[in-house]
Amino acid sequence: MQSRIRRPGKSRVSVIVMLITALLGVAFLSAPAGGAAGRGPAGKGDHRHRGELLGGRAGLGKVDFTGWATAQRAADRERRAKGPVRGGGQPPRAGRDLTGARAPLAAAPARAAAAAAGTTALVLYDTAGPYGHLGELYAMATANLAGHFGTVTAKPVSQYTAGMVNQYTATFYIGSTYYGGSIPDAVPAAFYQDVVTTTRPVTWLADNIWSLANATGVAQFQTKYGWDPTASYFEANGSVGTVTQVTYRNQNLTRKIPAGQDGGVLRPAISSGPGYPAVTQLATARDTGTGTDFPWAVRSGNLTYVGEIPFAYVSESDRIIAFEDLLFDSLAPATAERHRAMMRLEDISPNSDPAQLRAIADYLAAEQIPYGINVIPVYTDPKGTYNNGRPQTVTLAQRPELVTTLKYMLQHGAVLMNHGYTHQYGNTANPYNGVTGDDFEFYRAHVDASDNVVYDGPVAGDSALWAQTRVTLGLAQFALAGLPVPKLWTTPHYAASATDYKVFAQNYTARLERSLYFSGTLGGSTADPNRFIGQFFPYVVKDVYGTTVLPENIGNYEPEAYNNHPARLPADLIASAKANLAVRDGFASFFYHPYYPVQPLKETVEGIRALGYTFVSPTTAA
Numbered sequence: 001m002q003s004r005i006r007r008p009g010k011s012r013v014s015v016i017v018m019l020i021t022a023l024l025g026v027a028f029l030s031a032p033a034g035g036a037a038g039r040g041p042a043g044k045g046d047h048r049h050r051g052e053l054l055g056g057r058a059g060l061g062k063v064d065f066t067g068w069a070t071a072q073r074a075a076d077r078e079r080r081a082k083g084p085v086r087g088g089g090q091p092p093r094a095g096r097d098l099t100g101a102r103a104p105l106a107a108a109p110a111r112a113a114a115a116a117a118g119t120t121a122l123v124l125y126d127t128a129g130p131y132g133h134l135g136e137l138y139a140m141a142t143a144n145l146a147g148h149f150g151t152v153t154a155k156p157v158s159q160y161t162a163g164m165v166n167q168y169t170a171t172f173y174i175g176s177t178y179y180g181g182s183i184p185d186a187v188p189a190a191f192y193q194d195v196v197t198t199t200r201p202v203t204w205l206a207d208n209i210w211s212l213a214n215a216t217g218v219a220q221f222q223t224k225y226g227w228d229p230t231a232s233y234f235e236a237n238g239s240v241g242t243v244t245q246v247t248y249r250n251q252n253l254t255r256k257i258p259a260g261q262d263g264g265v266l267r268p269a270i271s272s273g274p275g276y277p278a279v280t281q282l283a284t285a286r287d288t289g290t291g292t293d294f295p296w297a298v299r300s301g302n303l304t305y306v307g308e309i310p311f312a313y314v315s316e317s318d319r320i321i322a323f324e325d326l327l328f329d330s331l332a333p334a335t336a337e338r339h340r341a342m343m344r345l346e347d348i349s350p351n352s353d354p355a356q357l358r359a360i361a362d363y364l365a366a367e368q369i370p371y372g373i374n375v376i377p378v379y380t381d382p383k384g385t386y387n388n389g390r391p392q393t394v395t396l397a398q399r400p401e402l403v404t405t406l407k408y409m410l411q412h413g414a415v416l417m418n419h420g421y422t423h424q425y426g427n428t429a430n431p432y433n434g435v436t437g438d439d440f441e442f443y444r445a446h447v448d449a450s451d452n453v454v455y456d457g458p459v460a461g462d463s464a465l466w467a468q469t470r471v472t473l474g475l476a477q478f479a480l481a482g483l484p485v486p487k488l489w490t491t492p493h494y495a496a497s498a499t500d501y502k503v504f505a506q507n508y509t510a511r512l513e514r515s516l517y518f519s520g521t522l523g524g525s526t527a528d529p530n531r532f533i534g535q536f537f538p539y540v541v542k543d544v545y546g547t548t549v550l551p552e553n554i555g556n557y558e559p560e561a562y563n564n565h566p567a568r569l570p571a572d573l574i575a576s577a578k579a580n581l582a583v584r585d586g587f588a589s590f591f592y593h594p595y596y597p598v599q600p601l602k603e604t605v606e607g608i609r610a611l612g613y614t615f616v617s618p619t620t621a622a
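As numbered in this note's numbering, the sequence shown has no gaps in its residue numbers, which increase by one up to the final residue, 622.
To be clear, the hints were calculated from the coordinates, so they are not data collected in a lab.
Any given hint could be a false lead.
Said to hold, decoys possible - Here are the computed distance ranges between Cβ atoms for each label pair:
{"#": "1", "residue 1": "603", "residue 2": "410", "range": "23 to 29 Å"}
{"#": "2", "residue 1": "526", "residue 2": "120", "range": "24 to 30 Å"}
{"#": "3", "residue 1": "291", "residue 2": "599", "range": "37 to 43 Å"}
{"#": "4", "residue 1": "250", "residue 2": "479", "range": "45 to 51 Å"}
{"#": "5", "residue 1": "190", "residue 2": "336", "range": "35 to 41 Å"}
{"#": "6", "residue 1": "398", "residue 2": "250", "range": "31 to 37 Å"}
{"#": "7", "residue 1": "468", "residue 2": "525", "range": "20 to 26 Å"}
{"#": "8", "residue 1": "566", "residue 2": "77", "range": "31 to 37 Å"}
{"#": "9", "residue 1": "220", "residue 2": "617", "range": "48 to 54 Å"}
{"#": "10", "residue 1": "598", "residue 2": "291", "range": "42 to 48 Å"}
{"#": "11", "residue 1": "220", "residue 2": "337", "range": "34 to 40 Å"}
{"#": "12", "residue 1": "242", "residue 2": "130", "range": "22 to 28 Å"}
{"#": "13", "residue 1": "249", "residue 2": "151", "range": "26 to 32 Å"}
We treat Cβ as the ideally placed atom computed from N, Cα and C, and that holds for glycine.
Please take these sequences and the hints and turn them into a complete structure.
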């Protein structure tokens, strides 16, 4: 999911993108955008605030994915060279690949109760090895998704004790460290034994599934689950291949990993012949380099296996959607099919054009579509970038015609939301020019020589007091203008420190956005500003900060490319909405800048409705 950010000299549009997925297993990140050159102040059809970007293209902060992928492939080749290590029992029969087979999708066994107040999830993650820090990042992403269903406990797998799986509705293990060689297995024997003896659902991602089979007996594993992890590898014919598509619930989902950064998808060797249980192929991976298919996710008995950790380099139509829906099988299998849509108007400031807002408001009212209005209460251009070199600052109270229009919108289906105090940071280019809507407010960033927005860390002086002061000043401006107190918040350019997110939680009932999640959060230690994962969601979640987060998962209309992000047209948003139909109870949520004409919005709304989505208010979703 990407939003864009542009560099100065082009009209800026607040970048609302969520790279909520990148670096080997991330959710998403966001960054600011730019706009068309030489047009004037924000909201006047002049400079345009693109979308909200999320933490970089991979979605993870400062992770060497090339190094990780190289180590992953080397470890897998070493395991293959040694050959399967057989556990107790008779040698298993030769495995066969399910290439080309498409077993019907199966609901989880009835043993898993529907999501309710008592639904609980246990998320276990690796911490060992040179890339051990990835485990917590992926665990936060998984815990956030599980937060849609109930209470979540996350801890290093090394802290697992016998019987723990039976204390939770479902357990998720994220195998991000490939154990072997110089990295001893940190998974307790008790966990291996409990996985195969419990009746509770267990979902296992990526590495070390072969260690589970070896620890419990390969023959016994095959007899119980119908496949042989010790004969399953990430490579076929010496390569991880070019897996660019995952098919799930009749939707073709994308998978776009840069060359050299792909650790591969495990290709399960399915056991054939009498005596082996059926294995349900939940999702199918397509290697477009060879034209072959193989299982991306399988289930048998209580065990669901996903062949990779799908949190890095995600997009609005990515294979992460399959994993997001799979959680229903173990945590809420009785969930009925439901598809809702949600939209918000973005980057409305005291410099916005009331006529443009009224035109869109009248269209949405005529279509009976509820929506959010993301308002920045103070517009400032400290260097006069769009005001002939003269600094300019304008508040809502100084724009009575705009305030009247906002009240009109609230009377016709809109919900007031707060989008920062000034949506920029001081007199500093952050990363563009210091103008409201163009720049980050709660995080530092710059544009590198390759035109990528790079996240640098929290702003100077960042603290709970600093963030609270900006929130308080912003809310005061709404009051001075005679507007109601906003209950919903969207972080400017989807980026803030862990400290700031906690402040937002104290002032608003929910955030509607994509967000950053920092290392140290699960363990209760000081957040590491250089290690984070960006994420966006297909449904409402309670995240690891303890906040309700409403989804924005299909991006925004943006007719021009910028910061290495392509243009995003109505057809692209509609295609992403279609991909998200794979989530049985999910949203297609987007935002739109009101300085654009009504027609592209109309095309987007009509296309999403035609897919069967029903538009709801952000307050209803919350």
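Checked hints:
Between residue 603 and residue 410 the CB atoms are about 26 Å apart, so this pair conforms to the stated range of 23 to 29 Å. For the hinted restraint 24 to 30 Å between residue 526 and residue 120, the CB-CB distance of approximately 28 Å keeps it satisfied. Look at residue 291 against residue 599: about 40 Å separates their beta carbons, and that is inside 37 to 43 Å. The hinted window of 45 to 51 Å between residue 250 and residue 479 holds, with their beta carbons roughly 50 Å apart.
The hint said 35 to 41 Å for the Cβ distance between residue 190 and residue 336, and at roughly 37 Å that hint holds. Residue 398 and residue 250 have their C-beta atoms about 53 Å apart, which leaves the hinted 31 to 37 Å range violated. Checking the proposed 20 to 26 Å range against residue 468 and residue 525 shows it holds: the Cβ atoms sit about 22 Å from each other. Between residue 566 and residue 77 the C-beta distance comes to about 36 Å, which sits within the given range of 31 to 37 Å.
Residue 220 and residue 617 have their C-beta atoms about 53 Å apart, which keeps the hinted 48 to 54 Å range intact. The hinted window of 42 to 48 Å between residue 598 and residue 291 holds, with their beta carbons roughly 44 Å apart. Against the hinted window of 34 to 40 Å, the Cβ-Cβ separation of residue 220 and residue 337 comes to about 37 Å, which satisfies the hint. Distance hint check for residue 242 and residue 130: the Cβ-Cβ separation is about 26 Å, which falls inside the suggested range of 22 to 28 Å.
Take residue 249 and residue 151: their Cβ atoms lie about 27 Å apart, and the range 26 to 32 Å holds.
Consistency with the previously given hints fails for number 6 only.
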